[in-house]
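Novice: Listed here are the chains, written in short residue letters.
Protein chains: 2
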Amino acid sequence: MKNIDVCPTPELLHLYKLEGKIAVVVDIFRATSCMTTAFAHGVAKIIPVAQLDECRALQRQGFIAAAERDARKAEGFDLDNSPFSYMHPDLRDQTIAMTTTNGTLAITRSTAADQVVVGSFLNKRSVVDHLRAMPNDVVIVCAGWKGKVNLEDMLFAGAVVCALRNEFAVEDDSALSALMIYEAAKFNMIKFIAGSSHVRRLHGLGLARDIEFCLREDLYDVLPILDGDALVRHPHPGRA
Amino acid sequence: MKNIDVCPTPELLHLYKLEGKIAVVVDIFRATSCMTTAFAHGVAKIIPVAQLDECRALQRQGFIAAAERDARKAEGFDLDNSPFSYMHPDLRDQTIAMTTTNGTLAITRSTAADQVVVGSFLNKRSVVDHLRAMPNDVVIVCAGWKGKVNLEDMLFAGAVVCALRNEFAVEDDSALSALMIYEAAKFNMIKFIAGSSHVRRLHGLGLARDIEFCLREDLYDVLPILDGDALVRHPHPGRA
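Chains as they are written, first to last, in the numbering used here: chain A, 640 to 879; chain B, 640 to 879.
Hints listed in this document are in silico derivations from the structure and should not be mistaken for laboratory results.
Heads up, some of the hints might be wrong.
Note that identical chains are pooled: a pair holds if it fits in a single copy or bridges any two copies.
Distance condition first, Cα-Cα at most 20 Å in a straight line; then the derived EDC-like pairs of lysine to aspartate or glutamate [what the hints assert, rightly or not]:
(1) Lys830 <-> Glu810
(2) Lys830 <-> Asp709
(3) Lys785 <-> Glu650
(4) Lys787 <-> Glu810
(5) Lys787 <-> Glu658
(6) Lys825 <-> Asp753
(7) Lys825 <-> Glu693
(8) Lys787 <-> Glu650
Looking at chain A on its own, in the form it has when it is part of the complex:
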């Protein structure tokens, strides 16, 4: 039986073996929700980078550059970290260089995995179907917030574990914790998540609409996958 595990924050990644596995990177508010939305609207590639400097260098090379720090758009960049910003028709077939406080870092730290895919509530079903079809064990890598565990990423991890619990072994306590959090929250995720630290942070910035959108399930049938240094849209999810 395949195994599914949850790494609650990239800060604990050194305790997880990624080799041979699929890493599902999740940063619900909002990096991986943005990436999913971008590919659903025809973006060709996203280059995730950890540092603002790298992103700026790619911007100088002519790429569209998206940068977020502390939930705000960083000075001098083209795009912020709201999923609504990635729906614009001008982005079709473009390549975007992106850096965010937590999400892009989680991707660049997960490259020891056989395959790195991007998960969000928006493409949950695509992620689940892909994991079901592939032969690999799975680690869901929660991006968290500056090294700490956050509620919304654990909630998504729990939703995926819940969907796959009859087909995958769920042995690790982090996966069990995520599952319990999801079970407690699934009937009213918006209310449930209202007390989370990041939601309070985003509300303070007037981003309630983003929160609601990022919790919508199965809106897009796309699976972003890391191909070399860039994320692309997986042409055939469920095939290696």
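Following the hints, complete the assembly by docking chain B onto the known chain A.
Specialist: Then chain B, alone, in the frame of chain A:
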């Protein structure tokens, strides 16, 4: 309002500020349950050490030595990590040197706090009453398992957060996660915890009796507190 936070594993302690706060160290299965039981049965002092070598050196100096690795008694030591081993009348007024896989390490890493106390379900009420009476913010430090998060320590953290939620600010997502796990489990903790990785590990070693005992609440009115290098029984919980 005072703040209560939860550090899910000592591996994340560098992200938490302990200065000025009370650290409640918890390793339900079984180090902090053993410590609580020991003081309730008249042990005078427990010297927590991180390494087997340090523990062996203290044994050579004449202390009773307790050592656990991977849930078993380490070769050549006097006591294992079962709470029942700490009820013996011969231990009264003695000093014990102790090292365990996770719990003692969590204590030795928490010394930046103003005060380090030991928590378990067995002395939960004493811990809660003490935190209520003291002026300090609180961080509950879960010992986890070899750096990873575990369910039973988060469960205890959630129980303490639940008891104090009207008097303390609960702002961090780890504290909220612990609270949710406790809310989901509180009516049948033994059944709930049955799937946890450590419980399976202990069951495999025939330690079901230990598990059940460690989940009993408010059995002992004692509060172990770190005084220099050794834990002692707090003479007056609720006073600095």
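Novice: For every hint, state whether the structure bears it out.
Specialist: Status of the hints after comparison with the structure:
no. : hint              : in the structure
1   : Lys830 <-> Glu810 : between (29 Å within a copy, 16 Å between copies)
2   : Lys830 <-> Asp709 : neither (23 Å within a copy, 41 Å between copies)
3   : Lys785 <-> Glu650 : both (9 Å within a copy, 14 Å between copies)
4   : Lys787 <-> Glu810 : between (22 Å within a copy, 13 Å between copies)
5   : Lys787 <-> Glu658 : between (24 Å within a copy, 18 Å between copies)
6   : Lys825 <-> Asp753 : neither (31 Å within a copy, 39 Å between copies)
7   : Lys825 <-> Glu693 : neither (38 Å within a copy, 48 Å between copies)
8   : Lys787 <-> Glu650 : both (8 Å within a copy, 11 Å between copies)
Checked against the numbered hints given earlier, this structure breaks hints 2, 6 and 7; the rest are met.
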